[in-house]
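Undergrad: Those sequence lines, one after another, are chains V, A, G and X. Note that the first sequence covers residues 1 to 333 in the numbering used here. Note that the second sequence covers residues 1 to 333 in the numbering used here. Note that the third sequence covers residues 1 to 333 in the numbering used here. Note that the fourth sequence covers residues 1 to 333 in the numbering used here.
Keep in mind the hints are simulated off the structure, nothing from the lab. Glycine included, every Cβ here is placed at the ideal spot set by N, Cα and C. Heads up, some of the hints might be wrong.
Here are some chain A residues pointing at chain G (derived, C-beta under 7 Å) [as the list claims (entries may be wrong)]: (1) H40; (2) W98; (3) G164.
No more than 25 Å apart at the CA atoms, straight line, and that leaves these computed lysine-lysine pairs for PhoX-like [as the list claims (entries may be wrong)]: (4) A:K278 to V:K278; (5) G:K9 to X:K308; (6) V:K325 to V:K278; (7) A:K325 to V:K9; (8) X:K99 to X:K139; (9) A:K278 to A:K308; (10) X:K235 to G:K139; (11) V:K278 to A:K9; (12) A:K278 to V:K11; (13) V:K139 to G:K99; (14) X:K308 to G:K139; (15) A:K11 to V:K11.
Number of protein chains: 4
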Amino acid sequence: MENINEIDKIKTRVVGIDIREARTTYAVVNIRGEILGQDHFCTSDYPDITSYVTELCDRVQAMIEEYGGYETVRSVGISVPSGNYLTGCIEHAANLQWKGIIPLAAMLQDRLGLAVALANDAHITALGEKAFGSAHGMKDFVVVSISHGGVGSCIFTNGLPHLGVNGFAGEVGHTCVEVGGRQCGCGRRGCLETYISDRGLIMTAEQMIAESHEPTLLSELEELTPRTIIECCDKGDRVAINTMAEVGRMLGIGLANYASLLNPEAIILTGDMMQAGKWLLKPMRQSFDAHVFHNIRGSVRILVSILKEGERDVLGASALAWDVKEYSLFKDS
Amino acid sequence: MENINEIDKIKTRVVGIDIREARTTYAVVNIRGEILGQDHFCTSDYPDITSYVTELCDRVQAMIEEYGGYETVRSVGISVPSGNYLTGCIEHAANLQWKGIIPLAAMLQDRLGLAVALANDAHITALGEKAFGSAHGMKDFVVVSISHGGVGSCIFTNGLPHLGVNGFAGEVGHTCVEVGGRQCGCGRRGCLETYISDRGLIMTAEQMIAESHEPTLLSELEELTPRTIIECCDKGDRVAINTMAEVGRMLGIGLANYASLLNPEAIILTGDMMQAGKWLLKPMRQSFDAHVFHNIRGSVRILVSILKEGERDVLGASALAWDVKEYSLFKDS
Amino acid sequence: MENINEIDKIKTRVVGIDIREARTTYAVVNIRGEILGQDHFCTSDYPDITSYVTELCDRVQAMIEEYGGYETVRSVGISVPSGNYLTGCIEHAANLQWKGIIPLAAMLQDRLGLAVALANDAHITALGEKAFGSAHGMKDFVVVSISHGGVGSCIFTNGLPHLGVNGFAGEVGHTCVEVGGRQCGCGRRGCLETYISDRGLIMTAEQMIAESHEPTLLSELEELTPRTIIECCDKGDRVAINTMAEVGRMLGIGLANYASLLNPEAIILTGDMMQAGKWLLKPMRQSFDAHVFHNIRGSVRILVSILKEGERDVLGASALAWDVKEYSLFKDS
Amino acid sequence: MENINEIDKIKTRVVGIDIREARTTYAVVNIRGEILGQDHFCTSDYPDITSYVTELCDRVQAMIEEYGGYETVRSVGISVPSGNYLTGCIEHAANLQWKGIIPLAAMLQDRLGLAVALANDAHITALGEKAFGSAHGMKDFVVVSISHGGVGSCIFTNGLPHLGVNGFAGEVGHTCVEVGGRQCGCGRRGCLETYISDRGLIMTAEQMIAESHEPTLLSELEELTPRTIIECCDKGDRVAINTMAEVGRMLGIGLANYASLLNPEAIILTGDMMQAGKWLLKPMRQSFDAHVFHNIRGSVRILVSILKEGERDVLGASALAWDVKEYSLFKDS
């Protein structure tokens, strides 16, 4: 409409940024979750946070110019490990090279002249699932992400993320399921993470191999990884299958505890380990049903994310960008 | 993923239905607001509500079968004049042929075996704007829809629709702006609607013609309608322009009252009259600024909907469908 | 319990402060709204904000010491005209001697070492009504306060105050009910306030006296005030009764507009003018019923505050104090 | 004010009912939590639910008449084991004599002609703590109640109870803390409840006695109960102290898991076992600090309820009564 400039204009795009240990992905995304442009670069090339921010902002600005310019871009959302939504800072990230507390949201807002919001990867994954994935339309759910580093999760209650009073809620990986159990990297014993993370899987595989009296393909592998273990499952290897079943059993207990406390509509699982499919999920579900409090049994849906791994967190970051109040140094003309 | 059937499946589509006096439009829409299929039929062909429901359900079922079947469809959302979200009923619709209270949501839920939610057109329009339009990312806003029948509106506060204790909030068309002013169809005098609806516009045009001392194209028109009046504005006709300016002035007062009470982030306007563009919007904005309380002036954005007229309410109805709890007679197999 | 000091202690008291043009009242209040101690001093004795803050803090500290000490006091809440909850500042108060923007919450927090929250008087009145008065148990309601200075109001939706995007919502006194009507102090014409505030009442009385053909006690009064006019009503003076009825009629229109927009459960009225009782309220109710949109008529309760004038805002300020996050310079020992 | 009857009246009282296995307590409570009248009778005298409801309603009606009559009473709130707020029913209560699903709220609403809400005891306890106790002013907290029957809890997020999608959230007693641990009455193993309930305490005491090489007062007790064990602690008995410390250790683990998931502002403890004071709470706190995720450590307050045992749930039930929409068969006259 030619006369639309008589009144205020609306911005229909945001920038979503997904920062991981190895790679930073950034994209311009519209209201409906269409990725108009996407690119990435190597996070670890920038051990200094200032030079990293410079590189990131240069790239984001160039992409904004390419896709409609500042008049069309509303705000920026960031997914980053140990990101605290309440402070806008990365706080003591174990797996990133930048140590201490880094006010990343403020740094980007200064450089880009746009509103910037930041959250940790589990929170962003849950936002992505709510906006565009399996949790769309749900109000009370939990998203659990199992990755190399560990296990993260995010709780939604009444349609909103429950971040906790300091923004640290969701540490399901560090709930104790076995008093005096396996030693965890966090210094405690019996944390769920020690049984169900990638490392937990491998440790269980090693125990299974050692205790097994039957031959197993696992013992011939060059390296025990989730991928190689899953391959052995697919070949019908009993020990591999039992390994994955044991991880599923522990995952089922952890999820049952979660469900007994929260009675969510659904638990949504993400992470590479979901590739194990039935080898993991069937025993997980049996264990879940055996351990969840009986009045909840049968009412909690357990779902695997339907979003693409390479897109989920960029989309989730774009959803966060919409949640922040608009702010722009660039006046509407 | 081949093993996904070990755990619960997710449904990624809903049905959106937009019922208007003349035409009923229905569509299958996915999570991201993509309309996969859309069709319509003539509402007024079915003066009997039962036969109307039969026709509608037959058509919706056929479309569901065509687009993936019941396993992929989660729920149904309906936009209908005088629809009450809290009761699921059409309640005494002035402009529909079905009189009294009609439990339409329940009737469709019975026939379709799916969860059904229903709301009035202003509520649905606002949901559409929030999900896919100008209000995306906003928490406190108002959507005002000006149509032939009258003026509807819907308030969002803190990210949620404010429907009022009986579901009747938003009757901005029947707020009094002129004590003892124009007679309204509702029986009272001075209602905003009598000045800014299509009928109000025409009445103002007639007054302007009668009082005008200069010749005007308006007096040569076969029929005074928003469209013909706007055409005269575009041709530079002074009386037509003054007519539209007067409507803009009254609209500005009505919106200023709204803004003084609610201090919203934005007011979003929809309806055919927005086609008047600057002839309406410029005087509206001037009047708004003159009448809004001074500490709010300059902080309220006034926006025109960016969604297509033919899609907005089907999309809004799909957004409502996601808001209702899932329910299905059709078991996941 | 002797061992309670093994775990954290709870604080069961707050300070509520009510700042008005003439008088500042402050009190220590417990969880249940019992006023343990209350005192006041003359606001206008301190034209300089720094000396005012010093006096206020000295007095509050002394009262805290008297009633259990800092270990028992959790936080402070303040009611002040033109107070903005979102910023913690007094912003351009027309009726206070301190001009411009005054960061009062921060100033008190620094001096007292306690969390401090601040809000305008209409917001505080509504909090008081919700915590301890007529709105207890309600989620959607409006509180309208009519005072000498003007007309304030506060909206609650879904159990929470709707302050608007800048904290300025509720300016019902400056909604236009008569295009081109009475001149308002705000520079516009036809504001509701010009008809229903104390000043509006007096102007209406003057008009009624001038236009009246019958003798009236009003013309013998030394001064026209709400009180003297009400006294004449009580004596049966026709012109006084008509004056109050006319104010009631305009109030009814203003409240009807409010109700047509928000469909609240109740509208609660406070302020000295409520002393007029039936002379005001009966015509107000008739006018309200005549002007509110028909589907809402009969469903909105109109209530007069049941709290004592001298306690309402100190109690409301105490309720605000509970709403702010606890913070204390004083460590639990 | 004589004219107040020109407008609507407000009701300032509610009825709170606390139903337990042995005793039913009921009270008339005002807005500020003052108990105006309170009485009780023996629950177990009425094995038939209909006669129980008759007795309860007769008594409540008599008390209403005594304290101001129906014009002053707004609604009724009920605390009952296995009460489901979402359905208004008692659902399969293990410890009550009435079996199956009992629509108690509807039964009372019919008889009393007032709005009735019902919730389980853990929910009610948390409401009581929020309205009048340690959680006043908090938005994110957990209340854990340890009683003879077991362990209940209720979560508040963002100021509202998180009941879960079926109303069953909070089953902390049945989270697994020891894979393959103690047998629980629910059929599973390792539930927290088997270690920290009264029965869990006694089992731990028996184990400690059996394993102990030193003499202990515990072995001379006629009956092992929380009370007698605490008495032995107070006398300095080593085995009793170790018993209580072991229960505290397990409680600390359970609360640490809760806190790692939810990062609440506080956890509030209620129940007779809190009488153990430092014998329980000191080891609990040590265990909590050792097991909670490190970034949360130090930020979660652990509090013991400050409300009187005999009043907490009647007050909590009164708070629930305010939360339900008003409804009355008795017209305002």
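Undergrad: A closest beta-carbon separation below 7 Å is what the hint needs, so does W98 (chain A) meet it against chain G?
TA: Nearest chain G Cβ about 17 Å off; hint violated.
Undergrad: Holds or violated: are the alpha carbons of K139 (chain V) and K99 (chain G) at most 25 Å from each other?
TA: With Cα atoms ~46 Å apart, K139 (chain V) and K99 (chain G) exceed 25 Å; violated.
Undergrad: Quickly compare the C-alpha distance for K278 (chain A) and K278 (chain V) to 25 Å and report which way the hint goes.
TA: violated, 61 Å
Undergrad: Starting from K325 (chain A), check that the Cα of K9 (chain V) is at most 25 Å away, please.
TA: violated, 35 Å
Undergrad: Quick one, are K278 (chain V) and K9 (chain A) close enough, alpha carbons at most 25 Å?
TA: The given pair, whose Cα atoms are some 14 Å apart, holds under the 25 Å limit.
Undergrad: Quickly compare the C-alpha distance for K308 (chain X) and K139 (chain G) to 25 Å and report which way the hint goes.
TA: violated, 29 Å
Undergrad: Regarding the pair K99 (chain X) and K139 (chain X), is the alpha-carbon distance no greater than 25 Å?
TA: Distance of about 35 Å is beyond 25 Å: violated.
Undergrad: Given the hint that K325 (chain V) pairs with K278 (chain V), does the C-alpha gap stay at or below 25 Å?
TA: Violated. K325 (chain V) to K278 (chain V) sits at ~43 Å, over the 25 Å cutoff.
Undergrad: When you check the alpha-carbon spacing of K11 (chain A) and K11 (chain V), does it fall within 25 Å?
TA: violated, 30 Å
Undergrad: Take the C-alpha atoms of K9 (chain G) and K308 (chain X), compute the straight-line distance between them, and say whether it is at most 25 Å.
TA: Roughly 16 Å between the alpha carbons, so the hint for K9 (chain G) and K308 (chain X) holds.
Undergrad: Between the alpha carbons of K278 (chain A) and K11 (chain V), is the straight-line distance 25 Å or under?
TA: Status holds; Cα separation ~20 Å.
Undergrad: Answer holds if the nearest beta-carbon of chain G is closer than 7 Å to that of H40 (chain A); otherwise answer violated.
TA: violated, 29 Å
In this structure, the earlier hints numbered 1, 2, 4, 6, 7, 8, 10, 13, 14 and 15 are contradicted, and the remaining ones agree with it.
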